[in-house]
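**Q** Got chain A; can you put chain B on it based on the hints?
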Amino acid sequence: MSYLEYNTKYVPTGLRKVLHLNWPIILLLIAVASAGFLMLYSVAGGSMTPWVEPQMERFALGMVLMIIVAMVPIWFWRNMAFLAYGGSMVLLLGVEFFGEVRMGAQRWIDIGFMRLQPSELTKITLVMFLAAYYDWLPNKKTSHPLWVILPVIFILAPTMLVLNQPDLGTALLLMIGGATVMFLAGVHWAYFATVVGGGVAAIVAVFQSRGAPWQLLKDYQYRRIDTFLDPANDPLGAGYHITQAKIALGSGGWTGRGFMQGTQSRLNFLPEKHTDFIFTTLAEEFGFVGAFTLLVLYLLIVLFCIISAMGNRDRFASLLTLGIAMTFFLFFSVNMAMVTGLAPVVGVPLPLVSYGGSAMLVLLVAFGLVQSAHIHRPR
Amino acid sequence: MKRPPKDIISSARMVSRRALVMGGLQLGVVGALGWRLQSMQVEQADQFRLLAEENRINIRLLPPSRGMIFDRNGIAIAANEQNYRVVMVREDAGDVGEVLAKLTEIVEIDPDDLSRAMQEMQRRSPFVPVTIADRLSWEDVAQINLNTPALPGIQAEVGLSRVYPWGADLAHVVGYVGPVSDYDLSRIDDTDPLLQIPKFQIGKTGAENKLERTLRGSAGTRRIEVNAAGRIMRELDRQEGDPGKDIQLTLDSRLQSYVQARLDGESAGAVVIDLENGDLRAIASAPAFDPNLFVRGISVPDWTSLNEDKYRPLAAKAVQGTYPPGSTFKMVTVMAAMEAGLVAPDETVYCPGFTDVFNIRFHCWKRGGHGNIDLHESLKQSCDCYYYEIAQRVGIDKMAEMARKLGLGVRHDLPLSAVAEGLAPDKEWKARVRGEEWRIGDTVNASIGQGYVLSSPLQLAVMTARIATGREVTPRLIRLIDGVEQPTGLGDSLGLNENMLRRIRASMEDVCNHRRGTAYGSRITDDAHKMAGKTGTSQVRRITPEERAAGVTKNEDLPWERRDHALFVGYAPYDNPRYAVSVVVEHGGGGSRAAAPIARDILLQAQYGGPPPLEAYPAGVRDKIAEQQRRIEARIPPGAKGRNRV
Chain A
1093 MSYLEYNTKY VPTGLRKVLH LNWPIILLLI AVASAGFLML YSVAGGSMTP WVEPQMERFA
1153 LGMVLMIIVA MVPIWFWRNM AFLAYGGSMV LLLGVEFFGE VRMGAQRWID IGFMRLQPSE
1213 LTKITLVMFL AAYYDWLPNK KTSHPLWVIL PVIFILAPTM LVLNQPDLGT ALLLMIGGAT
1273 VMFLAGVHWA YFATVVGGGV AAIVAVFQSR GAPWQLLKDY QYRRIDTFLD PANDPLGAGY
1333 HITQAKIALG SGGWTGRGFM QGTQSRLNFL PEKHTDFIFT TLAEEFGFVG AFTLLVLYLL
1393 IVLFCIISAM GNRDRFASLL TLGIAMTFFL FFSVNMAMVT GLAPVVGVPL PLVSYGGSAM
1453 LVLLVAFGLV QSAHIHRPR
Chain B
12 MKRPPKDIIS SARMVSRRAL VMGGLQLGVV GALGWRLQSM QVEQADQFRL LAEENRINIR
72 LLPPSRGMIF DRNGIAIAAN EQNYRVVMVR EDAGDVGEVL AKLTEIVEID PDDLSRAMQE
132 MQRRSPFVPV TIADRLSWED VAQINLNTPA LPGIQAEVGL SRVYPWGADL AHVVGYVGPV
192 SDYDLSRIDD TDPLLQIPKF QIGKTGAENK LERTLRGSAG TRRIEVNAAG RIMRELDRQE
252 GDPGKDIQLT LDSRLQSYVQ ARLDGESAGA VVIDLENGDL RAIASAPAFD PNLFVRGISV
312 PDWTSLNEDK YRPLAAKAVQ GTYPPGSTFK MVTVMAAMEA GLVAPDETVY CPGFTDVFNI
372 RFHCWKRGGH GNIDLHESLK QSCDCYYYEI AQRVGIDKMA EMARKLGLGV RHDLPLSAVA
432 EGLAPDKEWK ARVRGEEWRI GDTVNASIGQ GYVLSSPLQL AVMTARIATG REVTPRLIRL
492 IDGVEQPTGL GDSLGLNENM LRRIRASMED VCNHRRGTAY GSRITDDAHK MAGKTGTSQV
552 RRITPEERAA GVTKNEDLPW ERRDHALFVG YAPYDNPRYA VSVVVEHGGG GSRAAAPIAR
612 DILLQAQYGG PPPLEAYPAG VRDKIAEQQR RIEARIPPGA KGRNRV
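Chains as they are written, first to last, in my numbering: chain A, 1093 to 1471; chain B, 12 to 657.
These are calculated hints, taken from the structure and not from any lab test. No incorrect hints appear here.
Simulated pairs of lysine-lysine, BS3-like, Cα-Cα distance not exceeding 30 Å:
1. 1233/A <-> 17/B
2. 210/B <-> 221/B
3. 409/B <-> 377/B
4. 416/B <-> 541/B
5. 221/B <-> 321/B
6. 17/B <-> 1232/A
Keep in mind the model is a prediction, meaning the values are calculated, not measured.
If we strip away everything but chain B, and leave its shape as in the complex, we get:
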């Protein structure tokens, strides 16, 4: 169509006019964009730059290596073991299924682990390494490394994990570590960022738990630049943390191992104290458990069997268990009376086999009675009536005071879980806790370590140590922290009458070495290593008058949990005391039969620093002892499993 020229002119004018309008609008838009750029890039630049920095910089923690725990000889009892694991990076692997199939041909992998790893890989970003299998052997790792070309995306990595070379033998002392849980976080007031790391290992029980801060060390940090997906691009800087401090305990792992083996089969606790410095040489509780099980994550059947065992393997009976001390308490009663001047050493008390106190009859263990009996004989033969009599003279408050002086009824400060306070009852205690008035019968019961009196094997060992030395021996478990010597536990003099102590010790010697002593059967015949001590048998039930009339049932005929506890406290050598020991065998029957032989074996082992010669034993039992030594030696793990450090 042909346009008239007039049309062309007006059309061109119209287009030009409107083009100018369009251009004006466009200028306006460009102005707005320019203004926007200016306000963001010039005015708010600082604010945006800060946001960009926050975007790209990430701080990662470098977990410190956990401090090791050594025994007194520098043998490792809690160590860090290199642990090989195999990880997979999905994006490097290509065909994940194919690579995993090849991997399972080379090393054996639990199908559960495999499916868990597959799930995790799908969830995570493709560049995040996912653990396929843990705790591989060196042979497996070598196999994997050999086959690297066929396994794209697969890497073997080295990590550290906690290991307890002595297994169950030190379980109750050292405790164990495990991954930090929500419960742990709610319970402990600790702002350490390390605890926020998933599966970070912290001490759960025992020394691992109580010395957690020392062992843990502090985290290092690593500032890294990350991209939007969280992939690490480069490290900006790195600040190393402090590794955890090493700790040396006073325990002798060899002796500890022996004691555990000796207690095997019983539900028992035993403590050995070095009298020169209060060092705890052994703290044994039987049965025990393998702490390594917990580090890996204990299986449900293992946990159930530990928890439902009536011998309670998880309980640290040596420090945590409290028992009526029975006759081992008699030293306390008599020392309280003598210190108060209420009984003379040569004074005799008549024992008809029972004592009536306000119409209540208290029996001596010997039905026929001991006749006239003095301090020496009463301890040696463990006559009860003597103590019923003198306790009424001295009163419970003085007895409780003496008990506390000797370390009963007080909590000893040790870095262990649930150290028991025990109980040295007095009138104030009964009024406060029971809301009842103290009765004379309570005093009579307490005089032979029954009734309300409760003590742990640890406390009994401390009591023995204090009687043997006359000093305020305080138990010490930590010898060195990071090479720094900790204060020793050889305390000041207790200020007790030396003559009295000598008489008590002499009586304790006769308990073991006199023909009529209750522990004569467990004597040490080697004079240089002679033992002194005291047996105890504490009832866990009341003997009813009917039972007594019918003739008391023999212990062996009762169900296990109603039998008496067997106790023994002792020290050796008598002439120059070096070690004090306490043994409590739960429901073991009589102290002289069940506990004293164990204490003797432990003291001999401690004094000889290994298996004692058979000559130290009475001739009649040597064959039996030889057999026992062979059995125990076979059970003790080879001594130098851990690394020597000192």
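The following block holds chain A by itself, in its conformation from the complex:
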């Protein structure tokens, strides 16, 4: 029995919960999604099909799901955490054995009415499960090695499965998201210092292993690393995406080329212009002003989550809110770093803007959890 359940008399009930939703976050989400609709309309050549309409439908569905999740008390979700984690692990294993191979990677599973990408789901369920774990764990055990190894295993298990698909981007996001929850829960600095040191050593090892019989990464991943280091090397091959993306971005200038006037995306020089590279279209058509505005909107969403979490004395709720905020942050910052040439192209969509069903639904459900945490915070 948690502290929360004894302090619920001030928690709103029934429809009054609606008044206590975190409305700034909802408005920001709508603003960002609208920017997404605009861009999808533009890359389709000024058409609602094939992307805007389904995207809007899914956003509406996602918002409804978000409200429903928000209405449910947060302790119910805490109790569901283990189940959710277990379920997503089962799905990941399902992908391993029954998944569809698309664009060279095995990421999707067909569950009848839609195709699900379990790795998307796992990003949230992992954070949820870790938050529940630290809510359960007494404070003084947090940095005890035994109780540190356990969450590391919880993190590595899905990470390995995702890495095997292969999906390097999501694997990194899972690791960083999980580690963030551990960090927020108060695990000792020394562990993180050790991991970072180990990470640097691992990078060195990865590069040393290249061409050796014990090569650690796939060839295409090495090539992506090469391309990242010098995209000009192979402008029509591996470096094509990033070179074209940078041209689109840079040619946007201060105020952009105008809505629907971006030549790079309209003429298909941009790859995956409606998914991972949609930010370049926005930057090309609305320039620095538009791109920076979107960045600020994203940052505001994260900030409102942090504020909400800091005002929440429930350990599970605040850890969950912060973990989701970090996952969200990782999404857009990695995507933007990727298309601006600051990070390798790892296949991370721009949240709420890129076309994609399961990613958006999962994200909005996650924000439903954030809202639930906000509504049901102890007063």
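**A** Below, chain B alone, put in the same frame as chain A:
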């Protein structure tokens, strides 16, 4: 598990502290992203915008239509023909195999073409039209258009291709076009971007080649916006090029056709010059080839047969072939001597049938000799000894000088492939090229157009034209370029003695019209169109003393390539010269028998502008001639195949 309140407070504090650290880190990352965006979009914007422009704009060339070539009457001899082809766009076709199967039911398509097209389609982007079949008939195109709904992705297109309506008759003059090759590019210094277009057609030989720049025109350009796959999205602007300029030649395609037909069966060359302006009315080389074969891309068996034919159909013998002029050179020898004042017209030379020069015996063609013989008789009967004698008096240098004055041994500037320079040898030449001293025997050989002397049919025709007019007639092949008249070739007076020229012409008249003249058998009996000329028979081998002792073998008994060349030069009408002609029949035997009849027929045809009446021929040969005229008329292609322009 229930937490003590103290635990809750410290836990919340810890989370808040660490949340602030996380927020700080995130702010830092966002700052870095913002800075990156600023540096790319604000600072380097111009540079990236330039790259974007380069990305999207492509310049395509618009090939100009090639200029046409007409004959003097405005009949097309090189034209552009609309050519129907069928192309397929893979992405529109759906099931490529099925559509192609239907297409082959409608029109007949070569299986090789089909498999080549299939391969190309697989290689190219799905929206690139690939040619399935070329040079379809209008009926086929109509069939395809009728069945359009059943043939998705199939389109009939119209292009231009070069066509030579006169086929082989003008092959050596006009030449042919073909796709530009790497070899062409390495050989010609031309930066025209059109040449970079794959399979762009350029002139390969003849006038098509020499007048390439005029005929080609200049490319237009089209700036188009393309997408990443190269698909054309829209045209930004278009600048039309200049079509190639039309050219009118001096040739008379009708006469040319006649001459080609008349030379049929021989390996020969003939040239007809209009004496009023130097216009070349016909330049014929036989056998010829069909230039249309080359435009389509000649097949290996065709090429092999053209190349291995001992009659060399590909050689333009009329301008490119050089032959010892034989007795047709005698006018040069005698004119050189007379101009130098070393021989008087009435002076006689004794011909015993041979002349000994420093212990070397030079024979006259007539074993018994001509006895006492003067200028007139020596030309008429073509006595050799007369020329052996006067050549020794005048010397080779003066002879060479006269030869060049008359147009031998000089390259005439015509827009044709490989116009031969020939050779009018002199002492300086032999010293320079052979490194030997000139011998008197060389002079004696040269006096009758043997030895080192070489000339082309074109040069012989020019020589005849100059003797007939006394003017420096220069051959002209191009009459108009883009409607602009080109300078005519009726030159200034050569400054030769008129009396001498009259005597030479009179002798040439007797060659044809006197009973004892060498070309009497080929005379023209119609006085208004009378011909004057000179026969020539040039040896391609030495007759050894043994052969001579054994009685010289008759020409007909020798293998073809060792027989004598037959030559004839002439002009008509004698009283008012209008046309000069030269005929060389390779290994044809005697000039009077093999070459003179051809020259006579050509001159008659030229003067009458068509088949002459039989009355122009001696009574004894009229039946034969009538038969010949019928044969040739049947062979000449119908005259107005091309489009009339003038």
